[in-house]
Amino acid sequence: MVSAFALSVQGLPAEHRRTLALLGLHPGTDVGVPAVGALTGHDPAAVGELVRRLDHTNLVTCLPENRVRLHDLVRQYLIEHLLPEVALTDQDTALLNLLTHYVDRVRSSDELIAPHRYHPDELGGGSGQFATREEAMGWLDTEWQALTSLCGTAAARFPDLCWRLAYYLRDYFFLVKLWDPWITSHEQVLAAVRTSGDRYAEAITLNNLGIAHADRGDLPLARQCYEAALEAFRELDDRHGAVSARSNLAWTDLYLGAPEAAVRGLGEALQEYRSSGEHRNAAITLRGIALAEVELGRTDSALAHLGSALDVFLDLGLPLDVAMTLNGKGWVCFRAGRHAEAERHYLAAVASSEACGSGYEAARARLGLGNVAAAAGDRERARELWRQADAFEGTLKPLMVGEARARAAAD
Numbered sequence: 019m020v021s022a023f024a025l026s027v028q029g030l031p032a033e034h035r036r037t038l039a040l041l042g043l044h045p046g047t048d049v050g051v052p053a054v055g056a057l058t059g060h061d062p063a064a065v066g067e068l069v070r071r072l073d074h075t076n077l078v079t080c081l082p083e084n085r086v087r088l089h090d091l092v093r094q095y096l097i098e099h100l101l102p103e104v105a106l107t108d109q110d111t112a113l114l115n116l117l118t119h120y121v122d123r124v125r126s127s128d129e130l131i132a133p134h135r136y137h138p139d140e141l142g143g144g145s146g147q148f149a150t151r152e153e154a155m156g157w158l159d160t161e162w163q164a165l166t167s168l169c170g171t172a173a174a175r176f177p178d179l180c181w182r183l184a185y186y187l188r189d190y191f192f193l194v195k196l197w198d199p200w201i202t203s204h205e206q207v208l209a210a211v212r213t214s215g216d217r218y219a220e221a222i223t224l225n226n227l228g229i230a231h232a233d234r235g236d237l238p239l240a241r242q243c244y245e246a247a248l249e250a251f252r253e254l255d256d257r258h259g260a261v262s263a264r265s266n267l268a269w270t271d272l273y274l275g276a277p278e279a280a281v282r283g284l285g286e287a288l289q290e291y292r293s294s295g296e297h298r299n300a301a302i303t304l305r306g307i308a309l310a311e312v313e314l315g316r317t318d319s320a321l322a323h324l325g326s327a328l329d330v331f332l333d334l335g336l337p338l339d340v341a342m343t344l345n346g347k348g349w350v351c352f353r354a355g356r357h358a359e360a361e362r363h364y365l366a367a368v369a370s371s372e373a374c375g376s377g378y379e380a381a382r383a384r385l386g387l388g389n390v391a392a393a394a395g396d397r398e399r400a401r402e403l404w405r406q407a408d409a410f411e412g413t414l415k416p417l418m419v420g421e422a423r424a425r426a427a428a429d
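With positions in the sequence shown counted from 1, the corresponding number in the numbering used here is that position plus 18.
Calculated directly from the structure, the hints in this document are not laboratory data. Treat the numbers as computed from the prediction; the structure is a model and nothing was measured. Watch out, some of these pointers could steer you wrong.
What the hints assert, rightly or not - FRET-style restraints, in silico, Cβ to Cβ:
1. Glu153 with His258: 26 to 32 Å
2. Asp61 with Gly285: 50 to 56 Å
3. Ala373 with Arg399: 22 to 28 Å
4. Ala393 with Leu274: 25 to 31 Å
5. Leu81 with Arg356: 49 to 55 Å
6. Arg282 with Ala322: 16 to 22 Å
The beta-carbon is built from N, C-alpha and C at its ideal position, and this holds for glycine as well.
With these hints in hand, go ahead and build the complete structure from the sequences.
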């Protein structure tokens with residue numbers, strides 16, 4: 019097989035050989051032509067012509083949607099036999115350019131997936147490379163595995179770019195509940211920035227790693243990350259970071275069964291967010307306060323807070339936050355025995371969840387609808403709705419999801 023590859027490569031022009039060699043730096047077997055351009059330094063027209071010529075060698079295959087595929091064995095051959103022909107400094111430049119390209123694209127996608135997310139000033143904004151949220155989601159659905167791999171393979175060499183790459187991937191991972199790559203990428207980046215001594219990157223990465231552990235239900239690990247992040251933010255005199263870490267700790271209080279502590283901690287964070295004009299974060303905090311209040315039997319206050327949060331999310335055009343808040347309203351009403359209202363909110367949550375691509379929130383809403391049906395004595399409909407919720411690949415854990423606790427009690 020190696021001899022067959024060697025025959026295919028033999029006699030290729032030098033630039034073709036260099037392009038093939040540099041493709042060995044890309045962690046995936048399926049790569050977009052713009053990324054090939056970033057690796058090689060060619061403009062779009064030139065790289066398009068180059069990959070079409072390489073397609074004739076049968077070492078790469080041109081795919082629809084401006085992509086190129088390498089067979090695993092071809093990629094291994096490139097790494098072992100062609101890449102060593104390229105000077106290490108040139109390899110570093112190519113990898114740096116590839117990472118810069120990806121960071122810019124992921125940053126642009128994040129601005130569409132999670133608009134109004136707080137971004138540190140030094141990170142800047144994206145370049146508007148995607149026309150719609152759906153286009154950005156489609157690109158990430160294709161690229162996330164390669165992006166996660168890059169966080170691991172390149173973090174030690176380029177920690178500054180890799181922690182940013184992980185930072186911008188967070189909201190995509192949160193939406194689609196890809197907990198394992200979220201945690202793996204952040205752990206790899208965390209090790210790299212600790213080695214490089216970037217305390218600011220360490221603090222942000224710890225905070226986002228904590229969110230991943232909490233979202234998956236690993237609350238002791240989440241708390242450890244949040245406490246370490248809070249210590250780092252305080253050392254850096256970073257007010258926003260410290261408020262975020264304290265707020266996250268209050269959320270863990272809620273899930274660990276300490277609603278009074280959660281209300282206190284989230285109330286303090288709410289004041290900070292309101293004073294700094296961070297409307298989305300303030301509304302998210304209101305949602306947390308409401309979920310704590312329902313555990314304390316404060317139904318009316320919980321619904322009022324959720325209503326205020328929902329108004330903000332609707333005004334800002336944040337469908338995922340709308341879905342989460344509607345599910346919260348459904349849960350509060352169900353707990354209060356107001357089943358008709360709960361059903362109405364859960365049905366609205368299904369629609370909003372499906373509009374933004376959140377299978378997790380749609381499954382949660384269907385769990386809630388099943389609970390409502392079970393409470394009404396319609397066991398057949400309840401089982402069908404629960405079955406639909408179970409089809410979601412993620413896990414809706416009773417520790418984190420009230421609807422799952424109610425189902426367990428009714429099932």
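Check your understanding: Hint by hint, which ones does the structure fall short of?
Key -> Violated hints: none; all satisfied.
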